[in-house]
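Peer 1: Using the hints, position chains B and C against chain A.
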Amino acid sequence: MSPALLLLLPLLSVVVIFFGTKWSGTLSALVSVASVAGSLGVTLALFSTDSSMVAMNWIALGDVLQVDIGLRWDRLARGMMFVVTLVGTLVHVFSLAYMREDEAKARYFGCLSLFMFSMTGIVLADNLVMMFIFWELVGVSSYLLIGHWFTKASAADAAKKAFITNRIGDFGFLIGILMLFGLTGTVSFTGLENWLAGGHAGASAGLLTAAALCLFCGAVGKSAQAPLHVWLPDAMEGPTPVSALIHAATMVAAGVFMLVRVGFLIEASETAGLVIAWVGGFTALLAALMATQQDDIKKILAYSTLSQLGYMVMVVGLGSGEAAMFHLYTHAFFKALLFLGAGAIIYACHHEQNIWKMGGLKTRMPITFAAFGIGTLALIAFPFTSGFFSKEAILDIALHENKLLFLIAAGVAFLTAFYMSRLLVVTFLGAPRSEHAGHAKEVSVIMFVPLLILAFLSVVAGYKPVAELLQAQLPDVHWNWFVFFVSLATMLAGAGLGFLRYLDKRSEPKVIPVLANKFYFDEAYGWAVRNLQDGLAWVVRGLDALFIDGLAVGGITRLTEGVGCLFRRVITGNLQAYSYLFGVGVFVLIYFTVFLR
Amino acid sequence: MIIRRSALVILMCLEIMLSAANLALVAFSRFRLEAGLPDYDGQMLVFFVITVAAAEVAVGLAIVVALFRSRRTIDVTTLTSMSH
Amino acid sequence: MPAYILELIVVGLGLILLLLESFLPRLGAKGLAAIGSVGLLVVLFLLPSVTGAPSESTGIIWKFYSADSLALFYKGLALITTILVLMMSVVYVPVMQRYLGTGGGVGEYLILPVFTCAGLMWMASANDLTSIFVSLEVVTIGFYIMVAYMRRNVGSLEAGVKYLILGAVSTGFLVYGIAFLFGVTGQTNLDVISTVLGLLEGQDKIILFSFALLLVAFGFKVAAVPFQMWVPDVYQGAPTPTAAFLSVGSKAAGFIVLSRIVDAFLGDHGVQTGDGSYQDQIQRVLLVVAGATILFGSLAAIPQTNFKRLMAYSSISHAGFILLALACAYPVRMDMASGEVVAFYLAAYLPMTMAAFFVLCIVRSSRGEEEISVLDGLGKRSPFLAFVLLVSVMGLAGIPLTVGFLGKLYVFQAALDQGHFVLLAIATLGAAAGFYYYFKVVRSMYWNAPSDQDAIAVGTGSRVLLALLAAAIIFLGLNQGIILGFLR
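Chains A, B and C supply the protein sequences, listed in that same order.
Each residue of the first sequence is one higher than the one before, counting from 442 in the numbering used here.
Each residue of the second sequence is one higher than the one before, counting from -4 in the numbering used here.
Each residue of the third sequence is one higher than the one before, counting from 208 in the numbering used here.
Excised from the complex, chain A in its bound form:
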């Protein structure tokens, strides 16, 4: 069995669904679930092997350029693949129930399979070009899935926003790839690593930093770091299982994964690392602040995702890819759990997403409450859940590397505990604040089984035996009582404050406009885009009128028209004009060839 199977299975599913079973939603769903379960099986079967293979040479131009289509199956890929396929399988199963009444079920599952295919490609890619191609493909499938309910204007807009924002980041990514290729002549990870190990000939430190930062641009887009974070909250317009899989657990983590893949580059450049760390830390703080004032259950979780991704990026920048991957794994489990839990709540409350219209769900949906509660505990790093271990590692590294970032990280931990307890209290405790919430019933077994599995994983994934399965090398962290107490204190303080403030409240006690409006990022971008665009459009229109219409198109049409007119006057008729032109051409060519040397 070879890792190529992991790529083939979802691809096969896409082909079968779009060319075969499109007429039947149920059949398509089954095909899709079977393919992702198969991928999980293959991943498990290959778990103890280690290989890299070159499937074929894609481009080979002498000694100029070599791009292979090859797969790299190492510990990093394996761990990531396990998370992707496991969460993928659970989300697929959950979707069976969640999307049962959807009209375009076949398209939904087809797109999910397409996503699984492209995500697998990113994880297995052994060179930057291939990664970039799959990177774009996940962008496409994310676009399709966010816009799944495209008849709703907000969904279509959100899909477009996500797509465009990501293109900005990808542009930097592409430039980074080209720079690295220009510097080294290779795009494969192994090749780049060897080049760096060999003393990176021909590249100054500045160039290296620039290249690393360009690659980071790609991660900024995909992992929704500030200032390109604006697309992720809007992406919550997509179906909730999609939000769980793509916009919480896997795709948005692809940016972090990519940074870890090229971690050797970041290590080589101190400046790049510092910039990355600060961007991450800044995003974590910003997003946590914004999360405290949202009313939409999915948006709260989205901002929380942003903030956790900020943690990961920060710690990559601080030089510990292991800690980032550790948090990525645990986060994938508990955030998918939270999203699926939110999905169950939304489903039970007839697609109500405003937390102030929920309440009292604890008694009506006890299993969901239990699972959601475990997810929350993991997210706020309650001792001895998985999130606790990974966050501990991050805080420890921040403490050693950069005191200021440690303070920010601790602050974020406090905020996280605060907004999550707010979410939990408002949604589950108190009395129902709307009719839908009052009639909510526990969801079906297909929906809560994935929840329970994820809840189990959210607890155990942090313990050493499990963590070691996923990761060769755990972050090099020693038990640090100071960090432990800081973490515990912030968590308790945040959670306590949240409970006290929101218990039995019927609406937000105090609205802080700047936070509720997400620091006016969207407004600022809207303003900038509008004005810039108007200006740019004016310039472009001028250029267009001058060059394209005036010279290129207009020029040519006018030229042919002019010549045509001329000929029509001299000799009427087309064919004669052609023979005339032919003759002129002959003379010009002969003159040019023979006499113009």
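Be careful, since some hints might not be right.
Unchecked claim - Pairwise CB distance ranges (calculated):
1) C:Ile413 / B:Leu3: 30 to 40 Å
2) C:Asp475 / A:Arg1038: 20 to 30 Å
3) A:Glu577 / B:Thr68: 49 to 59 Å
4) A:Arg1038 / B:Ala53: 37 to 47 Å
5) C:Ser658 / A:Val907: 54 to 64 Å
FYI, nobody ran anything at the bench for these hints, they're computed from the structure.
No experiment lies behind these values; they were computed from the predicted model shown.
Note that beta-carbon positions come from the ideal geometry of N, C-alpha and C, so glycine has one too.
Peer 2: Below, chains B and C without anything else, positioned relative to chain A:
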């Protein structure tokens, strides 16, 4: 040739062009004497050209006839239906 | 088995088809096309087993005929193209019958491609001025008939007359060129001419003159500026399968002969050195022609609204790219001769163009026009056709992961190797313009609302062929080794 309107006359002019080229070929091969004899490669080529020209003109005439049948004229200046 | 047997088999096949058509009229268009395609397929499978020239060249035939790997490759291209054209013609028959009137059969239209194919195959092997001339005319005369075949259709007739007259003029220049080359060297075999040219001194002007005349003739064949003016009209007027055949078969054959002639002129001169020799001048002329062709084709394609005219201009611009590869005689760092780059580009061009024309044929036979707007909403009416056309225009535009990308990449790399930066800039501009006008097709298929809602019926045979073509565009784009493997 380029000032003629009739497709038939244009075809004749094309034949004249080919004949001129043939003449050049014959002249060149006469010009290169090998052991007192012309280089027959060129003259052989002339026969090929004549044969092919005959075939070409046969097809050409057929097309001109078809043109005449459908439009009642062989004036090439009327062939302007194509858009630009 | 000597290679020229294959041409004889193809001619024999054509004759058998003629007999069948007259004595077994029940066979119909489908039967003829099926027998023809099977016959050509058999020849295609025989292709790898043929032998080249014997070491001590005995037969006179080897003076006129060569069977190197490049020749065999082009023979393969010709055969595949012809098979596809036959299939396409079957789909197109209902359209043609509308313009044939009573008593007009379509049998010859299905048999002529077979004879033309024999001519194309012979052109691939021709290495003597005589055989070049004869095989080229076999092809051209076949095309005259096929272009004008719809004899009640004004457009087809008009295209036929235009192609006939301009083609005959170019033939005239070909003979002039041959005459002068013969006059200079006294030889007709290209290999011998190459050696003789290397020994001549002080005759640069007359050598260049003969080259210019030959370039006129082949510039016409491959649709290079300034001899491209027939292309849009002829493509638009001719039956669609013929347009496809012209665009791929005729062009490929033109390029193999042109590259043999250029090779003969350049000898072992190699890269442009700037020493003012006539070899340098030839490369310069080729570069200029290539640049002008790319520029003209790409820019003039932008305002087109007729799909076949668009394809015509796009084929002009592709011809420019191929000429550019040809002009970069020996790319230094690529392990590839320019002949191979040319062959690769043409092999890449084949499935993309064929797929596009095939889809057009099918759409045309259900709707009576060929404007781009006829594709409106194709994504809804026939997702399959739309997908194939999408893959094909993606390939033509040169998007990565399609075979068209690799073709363009090689050309760019070759130009970069030789430091032709102006040409690179022009080629980039051309490629960028290509994105724009191909995107028009995509936009029409997926964004515009369909003007009529009926689904388009696609036969099983066409479906399989189209799927194969689309798969080829992507698969060959993933693995360059396949085409190169055939090439070597």
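Peer 1: For the hint 37 to 47 Å, verify it against the beta carbon of arginine 1038 of chain A and that of alanine 53 of chain B.
Peer 2: At roughly 43 Å between Cβ atoms, alanine 53 of chain B and arginine 1038 of chain A fall inside 37 to 47 Å, so the hint holds.
Peer 1: Given a hint of 54 to 64 Å, does the C-beta separation of serine 658 of chain C and valine 907 of chain A actually sit inside it?
Peer 2: holds, 60 Å
Peer 1: Do the beta carbons of glutamate 577 of chain A and threonine 68 of chain B sit within 49 to 59 Å of each other?
Peer 2: holds, 58 Å
Peer 1: Does the hinted range 20 to 30 Å hold for aspartate 475 of chain C and arginine 1038 of chain A at CB?
Peer 2: Check passed, 21 Å falls within 20 to 30 Å.
Peer 1: Would you say the C-beta atoms of isoleucine 413 of chain C and leucine 3 of chain B sit inside 30 to 40 Å of each other?
Peer 2: Because 35 Å falls inside the window, the suggested range holds.
Hint check: no violations occur; every hint is consistent with the structure.
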